[in-house]
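Asks: So the chains spell out like this:
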Amino acid sequence: MAKRSWLGGFLDRNGQALGLYILLAVSFWLLFLIILPQLAMIDFSLRHDLPAAQQGGPQDVWTFENYRHFIFGLPGNPDGWNRLDVGVFGRTIVAAAFVTILNLVICYPVAYYLAQVARGRQARVMAVALVVPYWVNEILRAFAFRIIFGATGVINSTLLTLGIIDLPIDFIRADIALYAGLGYAYVLLMVFPLYNAIESLDRNQIEAARDLGAPWWRIHTRIVLPFAKPGITSGCTMVFMLAAGALAAPQILGGPSNLWFTQLIYGQFFESVNWPRGAAYAIILLVACTLLVLLVMRLFKVRLGEIGK
Amino acid sequence: MAGGVSVELDRLLVQFDEFVAVRDANVRIEPGEFFSFLGPSGCGKTTILRTISGFLEPTSGAVRIDGKDMAFIGPNKRPTALIFQNLALFPLMTVWENIAFALEMKGVGAADRRKHADELLALIALDGQGDKYVHELSGGQKQRVAIARALCAEPSVLLLDEPLSALDLKLRQHMRTELRTIQRRVGLTFIYITHDQGEALTMSDHVAVMREGVIEQIGDGRTIYDDPATAFVASFVGENNALPGRVAEIRDGVALVDTSVGRLRARIATAARDRLRTDAEAIVFIRPEALDLDIAGASAETTIQATVIGEEFEGPNMHLQLRHDGGAELRVSLVNKGRTGTAGIGSSLAAAFDPMKAVALPSGALSAEE
Ligand SMILES: Nc1ncnc2c1ncn2[C@@H]1O[C@H](COP(=O)(O)OP(=O)(O)OP(=O)(O)O)[C@@H](O)[C@H]1O
Ligand SMILES: [Mg+2]
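Here the protein sequences line up with chains A and B, keeping their order. Count along the first sequence starting at 1, add 7, and that's the number in the working numbering. Count along the second sequence starting at 1, add 486, and that's the number in the working numbering.
Mixed in with the good hints, there may be bad ones.
As the list claims (entries may be wrong) - Ranges of calculated distance between the beta carbons of each label pair, as one might list FRET restraints:
| no. | chain 1 | residue 1 | chain 2 | residue 2 | range |
| --- | --- | --- | --- | --- | --- |
| 1 | A | PRO233 | B | LYS601 | 42 to 48 Å |
| 2 | A | ALA130 | B | GLU504 | 43 to 49 Å |
| 3 | A | PRO233 | B | ASP613 | 26 to 32 Å |
| 4 | A | GLN45 | B | LYS601 | 52 to 58 Å |
| 5 | A | GLN45 | B | SER527 | 42 to 48 Å |
| 6 | B | ASP760 | A | ARG128 | 46 to 52 Å |
| 7 | B | ASP613 | A | LEU302 | 39 to 45 Å |
| 8 | A | ALA32 | B | ASP613 | 55 to 61 Å |
| 9 | B | SER527 | A | PRO233 | 32 to 38 Å |
What the hints assert, rightly or not - A few chain B residues facing chain A, derived, Cβ under 7 Å:
| no. | residue |
| --- | --- |
| 10 | ILE559 |
| 11 | ASN562 |
| 12 | PHE570 |
| 13 | PHE587 |
| 14 | ALA611 |
| 15 | ALA639 |
In short, the hints are calculated from the structure, not lab data. Quick caveat: nothing in here was measured; it's all calculated off a predicted structure. Even for Gly, the Cβ is constructed at its ideal location relative to N, Cα and C.
Chain A extracted, bound-state conformation (with noise of 0.2 Å):
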């Protein structure tokens, strides 16, 4: 009863077409981009890695081999644990909080200047500086950090010049390079959700507390930074949530000995061709960083709902 009404409600607000197309278009969206690809996914991690003839036998049942693999590897394998792919795992979740804590860094600046401080044009040319790169396609964008940071690279040949150093650095192996493009990749997605938290706080307030006695860096850590927590956790979730689960960058930036556990999935799928473990191993990094986020949210005292706003 309640839900037919808030259906009608829904449909007389919006209009019959419009409401349906809403529904239809969301439900698609919902139904077969999200939760049956999903399923999907789920159902191939749990299985063998048949060939085409047997799919379907009496072999093909369903197990938990794949996750035991990630785990332990091998039969047989002397470690008695996978070293190599949970370290992988290890390295990746670590880098990527290392990137989205870099970001918050960089970004808390900008988007405060952005909200409080740059008034009219200045806000506007520097809303269009933080755009403009995006138009620049994701892989260009990393094969100009290679080149920025390759041995022959401005940066080196800067330091080189002003004799700073006498041989080039090795950005790429150090993966400086692969932090800086992927911190840069999420640049507008760490400060859009700071700039509106800090947008909507009223100026006063900080001038009340300068009035009050405060210096400038209590006025952010007492003042402005509780206020934008919310926006703090949306950005730093996205960040977080997209540079563990980049690609591109690290196949292009990464050091030659340092994997991203993207790049063992993507091993999986298209260089073993082994699905369900690739399928597994991509379950393991989505179900690791939803819960890693859920506990940091716990940790800061932030609940669900209030990243929306």
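With the hints as your guide, set chain B with the ligands onto chain A.
Replies: Coordinates of chain B with the ligands only, in the frame set by chain A:
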């Protein structure tokens, strides 16, 4: 608590780019005084307050607090505390944390902060409400928390930017008395901003009336009301009938002015004594309550013949709207002494006034809000 100190504005000029928001303000506010800036919206009141508190630097001139020039001393270093028009309480902190914020910034420990906050809560009659959040308080309570938060910084000067404007009429009147009581108790210098002339007159020791960035008059409430310095002050503060004309004669501080309702006799305002000349354009201001229907010994120069075009009975007062044949309209307020009133709308009568209660001023801009 630190006692109040003096505040001086010395030829203060504040400009935003080309626009002059405050022009040549000279004010001396005595220690412990309740001083108000009164003026219509956009006249530069907030600008003056922000300059005193240090959020704006003067373009030229000086702000002196307790005799010391405040140039380039930030708001967090001045002995002032500002109460914002919208209060700007911190929504994510409890009431007591709000109040004790200034102590927190000084590095005082939590236990001492709490103790001090509780004392201030008692002062504003909100004992035991310290653990609430700001949104759980009523408008008047928030108001008092904002005052306590400012007092907690132990300022010598409290600056208030129309703090009562968001409250309803009843509460506003109540808070006026309360503010005055708190001010007497703590003995601080209060600088108060308002566009409500009733508020300024009832609370203040002195009032500065502003128009378009210029201070037109400084005086106590009675002087402002009875002896305005300019036509703007006369028309902005309280109700007034303005009758423009030309000065025919000046004798012993009294002017005879030819207006559309005839020749009127009026005392020349003190501030205009040496400015008003024979043949100059002038305005005679007569307050509605200065007009009466029978004044013994009224002459032609203190009487206006007019027709009643409206009546409002208010209880203690009766207001009449009159129109002179020449077109000028007048408002008359009669104290209800039990008499029967007029012969009704359309009847003709003579309204008379005491020439010492009418004020002649050189003509000038009037207040836009009637
Ligand atoms: N930051 C600013 N930049 C440019 N002009 C400003 C600025 N602040 C104020 N003004 C202008 O200065 C004038 C005075 O403003 P102010 O805020 O002091 O008025 P006010 O007397 O407090 O008015 P109200 O009663 O409406 O609060 C206004 O015309 C306003 O447009
Ligand atoms: Mg104002």
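Asks: Determine which of the earlier numbered hints do not hold for this structure and return their numbers in increasing order.
Replies: Hint check: 1, 2, 5, 10, 14 fail, others pass.
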